[in-house]
Amino acid sequence: MRFPRLSALLLSLCMALPQMAGAQLSLDLRDASLRDFVQIVAQSTGRNFILDDRVQGSVTVVAPNAVSPDAIYEIFLNVLELNRLTIVEGDETDRIVPIDVARELAPGAERARRGGDFETRVIALDNVPAQEVAEVIRPLLPGEAVLSVVPEAGLLILSDRRENFQRISRLVDRLDSPTRSAIETIPLRNGKASEMLGVINALSITPPGASLSADPRSNALIVSGTPEFRDRVRSVVAQLDRPQRSFATEVVRLNYAGAEDMAEVIRQSFGGSGTAVGTAVAAGDGAAPAATPSANGITVVAETTQNALVITAPADRIEAITEAVRRLDQRPDQVLIEAVIFELSVDNFSDLSFQFGGVIEDATVGGVEFAIQGRPTLTSLVTTVLSGAEPTGGGTGGSLAAFDRSGIGGFLAALASKNSTRLLSTPSILTLNNREAQIVVAQNVPFVTGSFATVGDSAVPDQPFQTIQRQDVGLTLTVTPQITRDNTVRLELRQEVSNLTNSASAAGSEITAKRELSTNVLVRDGHVIMLGGLLENGSGAVNQRVPGLSELPLLGRLFKGRSTSQNQRILLVMLRPRILSSDAEADRETQRIAEAAKRASAYIAPADDGTWPQQPDQAFPFDGADLDQPFDAGFIDPAARARRLPPLPSRITFADR
1 MRFPRLSALL LSLCMALPQM AGAQLSLDLR DASLRDFVQI VAQSTGRNFI
51 LDDRVQGSVT VVAPNAVSPD AIYEIFLNVL ELNRLTIVEG DETDRIVPID
101 VARELAPGAE RARRGGDFET RVIALDNVPA QEVAEVIRPL LPGEAVLSVV
151 PEAGLLILSD RRENFQRISR LVDRLDSPTR SAIETIPLRN GKASEMLGVI
201 NALSITPPGA SLSADPRSNA LIVSGTPEFR DRVRSVVAQL DRPQRSFATE
251 VVRLNYAGAE DMAEVIRQSF GGSGTAVGTA VAAGDGAAPA ATPSANGITV
301 VAETTQNALV ITAPADRIEA ITEAVRRLDQ RPDQVLIEAV IFELSVDNFS
351 DLSFQFGGVI EDATVGGVEF AIQGRPTLTS LVTTVLSGAE PTGGGTGGSL
401 AAFDRSGIGG FLAALASKNS TRLLSTPSIL TLNNREAQIV VAQNVPFVTG
451 SFATVGDSAV PDQPFQTIQR QDVGLTLTVT PQITRDNTVR LELRQEVSNL
501 TNSASAAGSE ITAKRELSTN VLVRDGHVIM LGGLLENGSG AVNQRVPGLS
551 ELPLLGRLFK GRSTSQNQRI LLVMLRPRIL SSDAEADRET QRIAEAAKRA
601 SAYIAPADDG TWPQQPDQAF PFDGADLDQP FDAGFIDPAA RARRLPPLPS
651 RITFADR
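Letter by letter, the sequence shown follows residues 1 to 657 of my numbering.
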């Protein structure tokens, strides 16, 4: 029932509000119509409202003090909430509808909202399952609110008034906090995860909400629960996961690798201890020192006599260690290194000189003399005359000399010489991959390095002696090959070629010539590479003459002497490596080299003319066709076998290869 007086008062108030917009008002409404109150709010806030037909009822507002338009709007929102109504805001006009209808209406465009409107929002969860959160907050929602759950995506969809939505959102944030339960992996070093899981489950220490499982692939326990539970499981595992006391021993015989080298590799890989035995025990010098086991119980002993390894380790690791030894004990490749050293030297010398003089009353007077190395001089001939020897004429060493009895004479020295030397060395050596090899073809020549004589009271030295040092003079080749994965050979080599020069130094020892090469190279299998070379060309001349007289026409040649020299030298060093990976390749290379050696020996062997004594066969006794031929006694002369007492042994025979 409405009172006419109250309606008239509200009507007059509404007519006055446009002139009082923004001013504070005093509200004192009792049992006023809700629709009339909406009109008052619209006039105060300047907003347009559309009322649903179901917006009915009365309202009582007691506000003795003057309130602002914002306060009036907040009072208005509270009145709507008490009447189960809400606002759906729009662009220019807001709609006032029951709450259960608001979720079906679309809101307006985004703009500055004043609150109180109905919204639908999505709340994302990160740590807690969405269904559990929904069960907690559903009793706290009004009957008109709608809550939907998307479990797979961890989302909550809530339709409710904005103020209520903010309250629920804060509550969800507190519920969606990280849990104290976490997942941890505890690896086992000695025991098995499945057995450890059974032991811990038998202790019944797993609290509700925690879990414990075993992963056999990584041999680890997977623990999920609170930090206290994880610490307890970790402590139990640390006490139970102790090294096994079961050990096994294996003897592994090696085919290609050395026992000591392999033992050191295994110790560094698996962490063990050990010693090398074999020589002392075999000789009866006493037992080898016992190896002290390492912390993990692994012991590796190298038995050098049988080239074997004695391995002691836990039973669960012995198989892995022996398998590693077998994989490392593979047949290594071999490398045949062939070298060619070619040296050619030529020395030319020519000399022409005139010398003359006279001897009067046992004294040399006048004449011309030149001192050229290797040539006779006038003084030597004059000395012969002065000694009373009969002066003669003739040619000696490329000279022509003549002296008469009056003591006047001279000689002409003219000589041309040419010395040539050609050296060709082809050393070859076969070695394993990554193993150093050396070949020495030389003379061990003694060189005097010092002398000492004890001198007493007499002038004759007492107990004299000399210190001598012997050195190899010849060919020395030292090489270490390394085969790469693309069949290229890396060579670390040192090559030295030396020879005697037939010349003595001032100290008294003979002078040696030395050519040395030290380098690292890469060569493809079967290819040839030049390591170094030398081309030397030298010349010289010596001119001697008498000033003035040597310029006379024709006669000037009698007062001149001249000698010239010229030398050339060529030195080339080449190398070719060949990789031999199988016995068949080694056989082919052996046959090839043997055939080449037989051809060379036949070429340099002297011819047998059939006369007595009979020329022995000097050919190389190995043609490459029969690999057993050098070890076969069949090449011995049958007649020599018959004349020997006792007789020579029978032929050596070999099984089929």
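Honestly, the hints are just simulated from the structure, not real lab data.
From a predicted model like this one, the values you see are computed outputs, not experimental measurements.
Beta carbons are placed, not taken as given, at the ideal position from N, Cα and C, and that holds for glycine.
A few of these clues could be false.
Derived CB-CB ranges, DEER-like [claimed, not checked]:
#1 Arg170 to Glu81: 30 to 36 Å
#2 Glu184 to Ser204: 52 to 58 Å
#3 Leu175 to Ser204: 27 to 33 Å
#4 Gln471 to Ala324: 54 to 60 Å
#5 Leu175 to Ser246: 33 to 39 Å
Here are the simulated EDC-like cross-link-like pairs (lysine to aspartate or glutamate), alpha carbons at most 20 Å apart as the crow flies [said to hold, decoys possible]:
#6 Lys598 to Glu338
#7 Lys514 to Glu343
#8 Lys192 to Glu338
#9 Lys418 to Asp329
#10 Lys514 to Glu536
#11 Lys192 to Asp241
#12 Lys514 to Glu496
Verification of the hints:
no.	hint	in the structure
1	Arg170 to Glu81: 30 to 36 Å	violated, 19 Å
2	Glu184 to Ser204: 52 to 58 Å	violated, 20 Å
3	Leu175 to Ser204: 27 to 33 Å	holds, 31 Å
4	Gln471 to Ala324: 54 to 60 Å	violated, 47 Å
5	Leu175 to Ser246: 33 to 39 Å	violated, 53 Å
6	Lys598 to Glu338	holds, 17 Å
7	Lys514 to Glu343	holds, 12 Å
8	Lys192 to Glu338	violated, 58 Å
9	Lys418 to Asp329	violated, 60 Å
10	Lys514 to Glu536	holds, 15 Å
11	Lys192 to Asp241	holds, 9 Å
12	Lys514 to Glu496	holds, 7 Å
When the structure is compared with the earlier hints, violations turn up for hints 1, 2, 4, 5, 8 and 9 and for no others.
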